[in-house]
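> Sequence lines, in order, name chains V and D.
Mapping of the first sequence onto our numbering: position 270 corresponds to residue 270, and the numbering continues sequentially without gaps.
Mapping of the second sequence onto our numbering: position 173 corresponds to residue 173, and the numbering continues sequentially without gaps.
Please note that a few of the clues may not be correct.
[Stated by the list, open to error] The calculated lysine-lysine pairs, modelled on DSBU-like cross-linking and capped at a C-alpha distance of 30 Å, are:
1) D:LYS211 <-> V:LYS103
2) V:LYS168 <-> D:LYS74
3) D:LYS153 <-> V:LYS168
4) V:LYS168 <-> D:LYS107
5) D:LYS203 <-> D:LYS74
6) D:LYS153 <-> V:LYS103
7) V:LYS168 <-> D:LYS113
Just so you know, these hints were derived from the structure itself, not from any lab.
So the chains spell out like this:
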Amino acid sequence: MARMVTTRNKVISTAAAWLVGFLIFFPILWMVLASFKTELEAFAIPPSFLFFHWTTENYVTVQERSDYFHHALNSIIIAGGSTLIAMLIAIPAAWSMAFSPTKRTKDVLLWMLSTKMMPPVGVLVPIYLIYRTFGLLDTRSGLIFILCLGNLPIVIWMLFTYFKEIPKDILEAARMDGATIGRELIYVLTPMAVPGLASTLLLNLILAWNEAFWTLNLSTLEAAPLTVFIASYSSPEGLFWAKLSAASTLAIAPILVLGWFSQRQLVRGLTFGAVK
Amino acid sequence: MGQITLQGVQKSFGPVHIIKGADLEIADGSFVVFVGPSGCGKTTLLRLIAGLEDVTGGAILIDGRNVVDVPPAKRGLSMVFQSYALYPHMSVRGNIAFGLKMAGIAKDEINRKVEAAAATLNLTPYLDRKPRELSGGQRQRVAIGRAIVREPKAFLFDEPLSNLDAALRVQMRLEVTRLQKQLGTTAIYVTHDQVEAMTMADKIVVLNGGKIEQYGSPLELYEKPNNLFVAGFIGSPKMNFVTGELAKQQGATTIGVRPEHLKVERNGQGGWHGTVSVAEHLGSDTFLYVDAGPLGMLTARYVGELDLHPGDKVSLIPDPARIHRFDDSGKSIRA
Ligand SMILES: Nc1ncnc2c1ncn2[C@@H]1O[C@H](COP(=O)(O)OP(=O)(O)OP(=O)(O)O)[C@@H](O)[C@H]1O
Ligand SMILES: [Mg+2]
Numbered sequence: 001m002a003r004m005v006t007t008r009n010k011v012i013s014t015a016a017a018w019l020v021g022f023l024i025f026f027p028i029l030w031m032v033l034a035s036f037k038t039e040l041e042a043f044a045i046p047p048s049f050l051f052f053h054w055t056t057e058n059y060v061t062v063q064e065r066s067d068y069f070h071h072a073l074n075s076i077i078i079a080g081g082s083t084l085i086a087m088l089i090a091i092p093a094a095w096s097m098a099f100s101p102t103k104r105t106k107d108v109l110l111w112m113l114s115t116k117m118m119p120p121v122g123v124l125v126p127i128y129l130i131y132r133t134f135g136l137l138d139t140r141s142g143l144i145f146i147l148c149l150g151n152l153p154i155v156i157w158m159l160f161t162y163f164k165e166i167p168k169d170i171l172e173a174a175r176m177d178g179a180t181i182g183r184e185l186i187y188v189l190t191p192m193a194v195p196g197l198a199s200t201l202l203l204n205l206i207l208a209w210n211e212a213f214w215t216l217n218l219s220t221l222e223a224a225p226l227t228v229f230i231a232s233y234s235s236p237e238g239l240f241w242a243k244l245s246a247a248s249t250l251a252i253a254p255i256l257v258l259g260w261f262s263q264r265q266l267v268r269g270l271t272f273g274a275v276k
Numbered sequence: 001m002g003q004i005t006l007q008g009v010q011k012s013f014g015p016v017h018i019i020k021g022a023d024l025e026i027a028d029g030s031f032v033v034f035v036g037p038s039g040c041g042k043t044t045l046l047r048l049i050a051g052l053e054d055v056t057g058g059a060i061l062i063d064g065r066n067v068v069d070v071p072p073a074k075r076g077l078s079m080v081f082q083s084y085a086l087y088p089h090m091s092v093r094g095n096i097a098f099g100l101k102m103a104g105i106a107k108d109e110i111n112r113k114v115e116a117a118a119a120t121l122n123l124t125p126y127l128d129r130k131p132r133e134l135s136g137g138q139r140q141r142v143a144i145g146r147a148i149v150r151e152p153k154a155f156l157f158d159e160p161l162s163n164l165d166a167a168l169r170v171q172m173r174l175e176v177t178r179l180q181k182q183l184g185t186t187a188i189y190v191t192h193d194q195v196e197a198m199t200m201a202d203k204i205v206v207l208n209g210g211k212i213e214q215y216g217s218p219l220e221l222y223e224k225p226n227n228l229f230v231a232g233f234i235g236s237p238k239m240n241f242v243t244g245e246l247a248k249q250q251g252a253t254t255i256g257v258r259p260e261h262l263k264v265e266r267n268g269q270g271g272w273h274g275t276v277s278v279a280e281h282l283g284s285d286t287f288l289y290v291d292a293g294p295l296g297m298l299t300a301r302y303v304g305e306l307d308l309h310p311g312d313k314v315s316l317i318p319d320p321a322r323i324h325r326f327d328d329s330g331k332s333i334r335a
């Protein structure tokens, strides 16, 4: 018997979905609201939800005290640069593993992924010393390098699974149709791989943008991205909830906007193969 | 022209020997079908001819030229895959035109050829659709269109109809045969459906365990199978085999009689006696599965309706001219 979907069930599940969505979104909403409160209101109990004295003074103070645009530019360069380099390395790597695998391919993949199982703090000291020796501390290139290495296993793994999904038959059909390797790549493989490439790129961008361990430990000012900018509001003089919220809102805004516009692409890429 | 010759073609995957020396002569314009049980190497042999796999030994000649070192693109063959393997991001037009585009043919000529191919295959209304917007039969037609538009030396088909439902399969079978005759292009067609093999082929290659068991016209295989394997594989229902004393009387180790060559008599004299265990009444035919005691289970086919039921005693009288005899090694004994 076909599953009956009554109106009541529909209403209940829609409401439940909205509730879950709201719960997940709530911290971000709360942060944005807090950024428009005064410091006093920000931790008032009971908290005021919408009826408080709206103010933008936090944003003004934040921009006065530290240069948002300097950090934002660093974030763009570091996240963008590390993503780009990671993609350039990962595409051929995943490609060869997907299309001409050997007996050891699975092992290599697992080994790469296993590097992500080690807590980064375990290698903080040696990396810090190496960076100091080579003058990489607080440089953009140093951060690009470490973030690129950190995300590479995930990027390769994702691309590998996408490439694997491309039916071999289609590539062989192109070969029978007289396509050379180069043309097979341009006309057949790349168009089919685009959704996978795009979502990998986006995910990697988001991961790099929000990466806090290495950026906090290896940069102070010159190369410091937005993560450092946020962190600077959370310690020395005690917590300033409203200003911290304003800084965080500013920091996640670009990536939130990017994510919003690309969500269809992102979801399609992440569920690629599951739906077919 | 599209004459294909295989000379001692061998293929191993690592230590596993898959194709154990195949010799074959395929005449220009003929329709050759590879049949055999699953895993016998039909696809592998076809892919070797296509160039999608490299041979381990032997030679493949196309119009007299050895092509074992020639890449697939340069062999002048086209292939229709079981999965259709259409380019998902291209329209039907783009799919059919792709090979011509790769060959660097002028735009208006490509258009003309694509439209002509589409017209032959009744695809004209769908030219601007994407493959995912087509039915299975239409996709298969696009795959065939992609193959014919390039005017290849030969078509290679790997079970192209196996994903279609039964009615469509019969229709496409006729279309493919008609198209091939009309174009006069050599075709090699892999299937494990022996009705397809018998109806479509000029010549059939029966493969078993990586070896060619027999190569001949459908009727040759039916009437003069080389060995037990071919005798059992070609024909439906399967040939009955009898061993022991009865076979020895005929000077053979095994004798075989096809179900349609057993005359059925109710309570008759002579012949082989047995009891009907299952009777299938199709109206046009009656299939009887008869328990013949020491001879084992025998199948008999009667054209028309025969009012027999389980438990009825019958005698089966083989047509003496159509008894196949086989020796110890399973080879056919020809008097
Ligand atoms: N790339 C490969 N590596 C290793 N073994 C392979 C490879 N391709 C095929 N084989 C083996 O070769 C044998 C023949 O395979 P093939 O696909 O040619 O069979 P087939 O006759 O087409 O069967 P089917 O009717 O099931 O399609 C099988 O045992 C298969 O496991
Ligand atoms: Mg096969």
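> Is D:LYS211 close enough to V:LYS103, meaning Cα to Cα at most 30 Å?
Given that 30 Å is the threshold and the Cα spacing comes to 29 Å, the pair holds.
> Holds or violated: are the alpha carbons of D:LYS203 and D:LYS74 at most 30 Å from each other?
26 Å, holds
> Given the hint that V:LYS168 pairs with D:LYS113, test it: the Cα-Cα distance must not exceed 30 Å.
27 Å, holds
> Holds or violated: are the alpha carbons of V:LYS168 and D:LYS107 at most 30 Å from each other?
Distance of about 29 Å is within 30 Å: holds.
> Given the proposed pairing of V:LYS168 with D:LYS74, does the C-alpha separation stay at or below 30 Å?
19 Å, holds
> Verify the proposed pairing of D:LYS153 with V:LYS168, using a straight-line Cα cut of 30 Å.
Given that 30 Å is the threshold and the Cα spacing comes to 24 Å, the pair holds.
> Mind checking the alpha carbons of D:LYS153 and V:LYS103 for me, to see if they're no more than 30 Å apart?
Measuring from Cα to Cα gives roughly 37 Å; hence the hint is violated.
Of the numbered hints listed earlier, the single one contradicted by the structure is hint 6.
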